[in-house]
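Numbering (the UniProt record's numbering), first residue to last: 1 to 202.
Hints listed in this document are in silico derivations from the structure and should not be mistaken for laboratory results. Hints are not guaranteed to be accurate.
[Unchecked claim] List of simulated lysine-lysine pairs, DSSO-like, C-alpha gap at most 27 Å:
id, residue 1, residue 2
1, K167, K184
2, K25, K106
3, K73, K120
4, K144, K120
5, K120, K78
6, K43, K120
7, K175, K106
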Amino acid sequence: MNIRIGLVDDHQMFLDGMVSVLSQKSNFEIVFAVNNAQLALNKIALDLPDIIITDISMPNMNGIEFIKALKNKHVGIKILVVSMFGNLQTYEDIDGYLLKETEKDKLITAIEDIVHRNQKVFWHIEKKTNSFEFNKNILSPREKEIIKLIAQELTTEEIANRLNSSKHTIETHRKNIFVKLQIKSTAGLILKALQLGVLPSI
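Given these sequences and hints, build the entire structure.
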């Protein structure tokens, strides 16, 4: 059975990364992916997903207000919070809470546990694991710089000009980054860079 998902996060790069990751699952259907809570409520009024995945820290209507408004109209809807913050004011109205650094496979498992098995999922990470720190530290300063420029949607040629380097050198760095972070696409790179703190998140 397909799982229909609504995504809400005001950080567009993270939102795009989530769409890319979750769309790889054949039984996951992205109903909408929006960058503010009010737009999400408008979308939900037209087409109700099985689960909403939302951030907490958002402008105008924050995640707490969004969850309350959502539960007032749709009591049974599943809600998974994915945030940079390690705590939440209340767990009463939600079905799960993950940190944005949570691995892709664990995120997918959490969604399936919540929707198909009616489980509550609260996996708090007090300290980053050794492997997480290792992955972050194996990136060189130049590789981190290139990641930031890729996130700004600069082309290989533009990055080479910015860093006074050759296109071949930038391509080599890019390939090394993809190998080190075990990713296959630019969307995956952005998501991983956000998880590792190489790119700033909200």
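Evaluation of the provided hints:
{"no.": "1", "hint": "K167 / K184", "verdict": "holds, 20 Å"}
{"no.": "2", "hint": "K25 / K106", "verdict": "holds, 13 Å"}
{"no.": "3", "hint": "K73 / K120", "verdict": "holds, 21 Å"}
{"no.": "4", "hint": "K144 / K120", "verdict": "violated, 36 Å"}
{"no.": "5", "hint": "K120 / K78", "verdict": "holds, 10 Å"}
{"no.": "6", "hint": "K43 / K120", "verdict": "holds, 25 Å"}
{"no.": "7", "hint": "K175 / K106", "verdict": "holds, 26 Å"}
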